[in-house]
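Undergrad: Taken in sequence, the protein lines are chains R, W, H and Y. Here this note's numbering is used: the first sequence runs in plain steps of one and ends on residue 348. Here this note's numbering is used: the second sequence runs in plain steps of one and ends on residue 133. Here this note's numbering is used: the third sequence runs in plain steps of one and ends on residue 527. Here this note's numbering is used: the fourth sequence runs in plain steps of one and ends on residue 274.
Possibly wrong hints are sitting among the right ones.
[Said to hold, decoys possible] Derived CB-CB ranges, DEER-like:
#: 1; chain 1: Y; residue 1: Arg148; chain 2: R; residue 2: Asp328; range: 19 to 29 angstroms
#: 2; chain 1: R; residue 1: Arg18; chain 2: H; residue 2: Asp361; range: 26 to 36 angstroms
#: 3; chain 1: W; residue 1: Trp75; chain 2: H; residue 2: Gln509; range: 37 to 47 angstroms
[Said to hold, decoys possible] If you want the footprint, here are the derived chain R segments under chain H, 3+ residues with CB under 8 angstroms:
#: 4; stretch: 219 to 225
#: 5; stretch: 237 to 244
#: 6; stretch: 275 to 287
#: 7; stretch: 321 to 333
[What the hints assert, rightly or not] Below, simulated EDC-like cross-link-like pairs (lysine to aspartate or glutamate); rule was C-alpha separation at most 16 angstroms, straight line:
#: 8; chain 1: W; residue 1: Lys123; chain 2: H; residue 2: Glu211
#: 9; chain 1: Y; residue 1: Lys164; chain 2: Y; residue 2: Asp133
#: 10; chain 1: H; residue 1: Lys220; chain 2: W; residue 2: Glu94
#: 11; chain 1: W; residue 1: Lys88; chain 2: H; residue 2: Glu211
#: 12; chain 1: R; residue 1: Lys313; chain 2: Y; residue 2: Asp258
#: 13; chain 1: Y; residue 1: Lys201; chain 2: Y; residue 2: Glu177
What the hints contain is simulated information worked out from the structure, not anything from laboratory work. All C-beta atoms, glycine included, are put in the ideal place defined by N, C-alpha and C.
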Amino acid sequence: MKTISKVLKKDHLKSLLRKLAKDRQLVAPVRNSYGDTLFTEIEALDGVEIDLDNQAQSSLKSFLFPQQQVLFEYSTDQGSAPVYKAIDSDGPTVFFGLRSCDLAAILYMDVIFLKEVKDPYYRQKRENNILISIGCNEPFSNCFCRQTKSGPFMEYGFDLQLTDLGDRFFVETGRAQGEEIIQQWAHFFSPASKEDEKAQYQMRLEAQGNFKRQVLVDLAIRKLKDDLVPEEVWSKLSSRCQDCGGCAYICPTCTCFTINDRKISTDSGERIRTWDACTFAGFTTMAGGHNPVDMKQNRMKRRFMHKLYYDVKSHNRTSCVGCGRCVDMCFGGVDIIKFINMVGQGEI
Amino acid sequence: MRNILTTCVYCGCGCGLYLHEENGRVVGASPSKNHPVSRSNLCVKGWHAHEFIHDSSRLTQPLIRKNGVLTSSGWDEALTYTAKAFRKIIDKTEGTGIGVLASAKCTNEENYLIQKLARAVFKTNNVDHCARL
Amino acid sequence: MTNSINEIEHSQVILVSGSNTVKTHPQVARRIFDAVDSGASLIVIDPRRSPLARHADVHLSIRSGSDIPLLNGMMRVILDENLADDAFVEMRTENYHALRDMLYRLDMDEIVALTGVSLDKISRAAKLYARAQNSVVCYCLGITQHICGTDNVQAIANLAMLTGNVEKENTGVDPLRGQNNVQGACDMGALPGVFPGYQSVADPEVRHRFERAWQVSLPKTAGLTVTEMTHAASDNPIKGMFVMGENPMLSDPALGLVRESFANLEFLAVADIFLSETAAVADVVFPAATFAEKEGTFTNTERRVQLVRQAIAPVGESRSDLDIITALSEKLGYPMPYASAAEVMEEIALLTPIYAGIFYDRLAPWGLQWPCFDREHGGTPFLHKYNFARGKGRFVPTSHKPPSEPTDAEYPFVLITGRSYHQYHTGTMSRKTPVFNRECPEGLLEIHPLDAKTYNIRAREMVRLSSRRGSIKVKVTLTKTVNPGSLFTTFHFAEAAVNELTVAARDPQAKCPELKVCAAKIEKLET
Amino acid sequence: MNNIYLPNSAIIKEVIDENEQIKTFVTVFRDEMFNRSFTYEPGQFMMVSIPGLGEAPISISSTPTRPGALHLSVRKAGSLTNAMHQLQAGDYLGLRGPYGRPFPLDIMGKDLLFVAGGIGLAPLCSVINYCLDQSGSHGKKIILYGSRRPSDIAFQSDITAWQKHSNVTCLLTVDQEEPGWSGSVGLVTSLLHNIDLNCDKSAALVCGPPVMIPPVLQQLKKNGFTDENIWTTMERYMKCGVGMCGHCHMEGEMVCVDGPVFNKAELNSLKLET
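The shape of chain R in the complex, shown without the other chains (with noise of 0.2 angstroms):
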């Protein structure tokens, strides 16, 4: 499909997602009175504040893979065959405003649960759903996309991408449904001139010089591979870490889950999903207390292997999307930016 270019006006920004949440959800990141950005469902779009200065503080991963969601209810009657309920989601969705990490981790969630054998809920959730991702011609304090090849620009996966060029977006198309979008609202948009197209040409590549941080993933990826990461390293990050559970929650990728019954009365209840960590002890825990991964180093090890090895030796990509959530929020201090850092410099 040929990519067709447009620009919008910063004006009527607001006008057309306005169009755009007639007949669909809308989920912007909103900048909310505490100052935390985060990505909200709108109900009405006057008097909020949709922030494309800050990085939202969670992706939308919990929009298409819920913390917790209920997989159906069952009720069980004495003497009778237990009933299972499935239960249904909700309908289709607008995502505005999310960045190229964001859009990289909805990609790699594609792959683990639309395989073969599909996930029934996030298949209903990501299913007629229309993205508007955003470039990032300044990337944020801890990001480090290109290292991780999700950023700051993509080039595939968006329905719309937008390039900021000041008083007006760069909007190109990804997929059909973006095409559709620029059709049936063709007056929002006018063509891209040479001038823009350039500008945004140059935004893209002045983006690529614009990080922060200096982290060698490709490095991590091959030492991890040949083995050369001594066991000092994993039993010092692992003695730092305080078992929150946090950076696979906030990890726009962490996919994995637990799944527990929870009675609503003696003979119904509810199957409910809810996200887990593979830091956790319990984790990998057998009935009967016997546990395969059984040291928190051996966890941890386990954990970047898999963002950073077990993925790029699978899905051909790391599940590491670079978008540094998990950096600041670290309790010990032993992010993946450290641990690619201590790997890099062989400072153990």
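With the hints as your guide, set chains W, H and Y onto chain R.
TA: Okay, now just chains W, H and Y, sitting in the frame of chain R:
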């Protein structure tokens, strides 16, 4: 889904966290990036602070012990019954026979009111909580 | 805390005593690690090799209950090395001579013997602490839950004043408060001797102010503390109790006495969100709403008064404790007509000088730290900024007081109780959360491998753990976290309720029970 | 859309007490059409659920060559399996599956050695009976089965049938003797010392507790089995059964999808200690 910023109910750190509400249920909890304590992360208890809310063993009706068994009752009955029982002891002991345990889990306003209840109504300073435990 | 949590990361030396900070105050531990990463030194005083102790520059693994000799020993080193802050001592403190005389009389060999810590380590810790520009002390229940808890705290204060590590930003003495609103419950006068804001009930002027505001006459003498109420057993002067959101039938020491005390009550009413061990023995149980179902404020360990906001309607017919108290009060002929929690706070502000400037409309986004004296006051990030609350800081020499129950041939182990990361207090909330039950499904008794070998006990074996007051069955885990001769377990689990074993003894002033030491024995169970 | 998480109701037709710890549940799906169309292969497992308690992966011990009922053999380990042991004929179970990579069927023509310990015989029962039911499987079959005590020997009726079979050698051993036991005493590896097989041309299928696997694999190597001819199963905590939840992740492989049956050579390439 609505995000409601509130304060974590577990430890004294006092993290700010968002509760995620959907269809009248709390379905998630997540940190606030700008909160001075949380600073974009919670401990494992905070991330799961919402889960006990909808546990099926929540008490949902007042209970009165009748013939030795705790039995469901209405609010008015339970309050009247309790008020009578306390009134009897207040009258008998001039308040010194009543003890009140406030709670390090409840709000300031609730703790204020319960010590007010103890002092002004029960007429006793026998009010304490588990601060030392 | 006299400081704010965030100040800790700017301290040069952090001394942590009697706090398993990584597990119980994760956000504080995070600041400590941040400080260590920027070059700060860490001293940990803990009988156990806690996760934080593993990262310490000096870990002083003392015998449980020997804090005073250790701190005195450190102060003596500071004197000997000429590291006291003479100017501060001169200008800002009093009674220094008494302290100095006591310190010069100390026998350092005796201190080594009492604490089980080498002189070299004591000396290193003392020099680290005293030499830094700003040092901060964080302590928790490992300091206070001893019969000499008040003296332990005084000894820490002595150390801080001796080196001038108070009254400045990034220095100070910080008790880490445990529960989400234990600070607030104290602030609100949920204590037998004080009205809100630590105003004495015995002070006629204060009492008259409250009598005028509440339009009733008020009792004049201090009341009973929690353990005085729950340990009185058959002599209980208490006939009726109202318990709101607490679970003394599991959390209080010497549970045998607690059970007897409750059994002797004429009437017990409990308000709780679940049928706790205490609610199960009540005459009336009120279903309470959780923090997600009501409005209010909590005050955290750094005195930050923060909003609790309602996310959903109360579940079932449950009601907030606020509604329960006001409804009950009305039935008792004393209406409390508040339209909202905010209106209650207005009354608190009126009567409580340290909360005088706390109003709901000022609490967004991040609350206010008390003291906050009026609407214009911005709150107080760290205390003692210009002056101690009572003028000059007073040195009070303290001396070692052995634990109430020494070990002996029959009960040779020191049993220490505490908390785990994945459960909270008596587990009424945390044990309703699947992931916590998966990570921490049961209480484990920590025992040193050498002791386990002596008793021929293998990992994960059930043993009988007993003291003079009771015994429980508990599963064992072998770990060098505890020293030989010491045992550790948590009190979260009703099925292995360690408070059946703990002593009723308490600090005579603070009334804080000695939960960190009792004599115990273990026996192998026949399989 | 097919919802992979919804269990199908199955009714328990019979409960076989294999020993104190193990019961086999003979189950039939309630939906007759589904029951008829349901197929699986030896080595696969089912996610078995009890509403209110959750799910656990359970090996299928029956063979698809004997259709009609699905046998699930369960050892008491956690709360769910303990609750299953309380169930009786007529009770219901929720089942989803079959899941996992089965034993390779192209080895059926070879001489086969089966080594099992405890509940590990369950998936091997499936493959052994499958082989015996196949007209094309003429090779020699040796079954070695270790139990803790004689009273722990599970799958008695299968064992009796195998012992009568002309093509099959079935040897049992126990760790601890009990009165009346005249058979072999010792670890199952001891039975491997003098087996009558052309090992380099045969395949070995091994299944048992984690402590049993490494010594057996070492002995098989000594006997002359090549790694490519050794198959074993891995056990991991599982929640979804379809390669999504991540619990059974093992060096880049998902045990529920890429296993539970693994070839020894594959495990070597994963640098797993076996």
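Undergrad: So, for every hint listed, does it hold in this structure?
TA: Here is how each hint holds up against the structure:
As the Cβ distance of arginine 148(Y) to aspartate 328(R) is approximately 53 angstroms, the hint placing it in 19 to 29 angstroms is violated. Taking the beta carbon of each, arginine 18(R) and aspartate 361(H) are about 33 angstroms apart, inside 26 to 36 angstroms as hinted. For the hinted restraint 37 to 47 angstroms between tryptophan 75(W) and glutamine 509(H), the CB-CB distance of approximately 42 angstroms keeps it satisfied. Taking a C-beta to C-beta cut-off of 8 angstroms, the stretch 219 to 225 of chain R contributes 0 residues in contact with chain H, too few for the three needed, and the coverage statement is violated.
Closer than 8 angstroms: that is the beta-carbon criterion, and the stretch 237 to 244 of chain R has 5 residues meeting it against chain H, so the requirement of 3 holds. Beta-carbon proximity to chain H at under 8 angstroms applies to 5 residues in the stretch 275 to 287 of chain R; the threshold of 3 is reached and the given coverage holds. Only residues whose beta carbon comes within less than 8 angstroms of a beta carbon in chain H count, and the stretch 321 to 333 of chain R has 3; three or more means the coverage holds. Straight-line distance between C-alpha atoms of lysine 123(W) and glutamate 211(H) comes to about 12 angstroms, which keeps the hinted pair within the 16 angstroms bound.
Of the pairs offered as hints, the one joining lysine 164(Y) and aspartate 133(Y) holds, with about 15 angstroms between alpha carbons and a cut-off of 16 angstroms not exceeded. Note on lysine 220(H) and glutamate 94(W): the hinted pairing holds, with a Cα-Cα distance of about 13 angstroms set against a maximum of 16 angstroms. Between lysine 88(W) and glutamate 211(H), the direct Cα distance comes to roughly 23 angstroms. Violation of the 16 angstroms bound is thereby established for this hinted pair. Note on lysine 313(R) and aspartate 258(Y): the hinted pairing holds, with a Cα-Cα distance of about 15 angstroms set against a maximum of 16 angstroms.
For the suggested pair lysine 201(Y) and glutamate 177(Y), the alpha carbons sit about 35 angstroms apart, so the restraint of at most 16 angstroms is broken.
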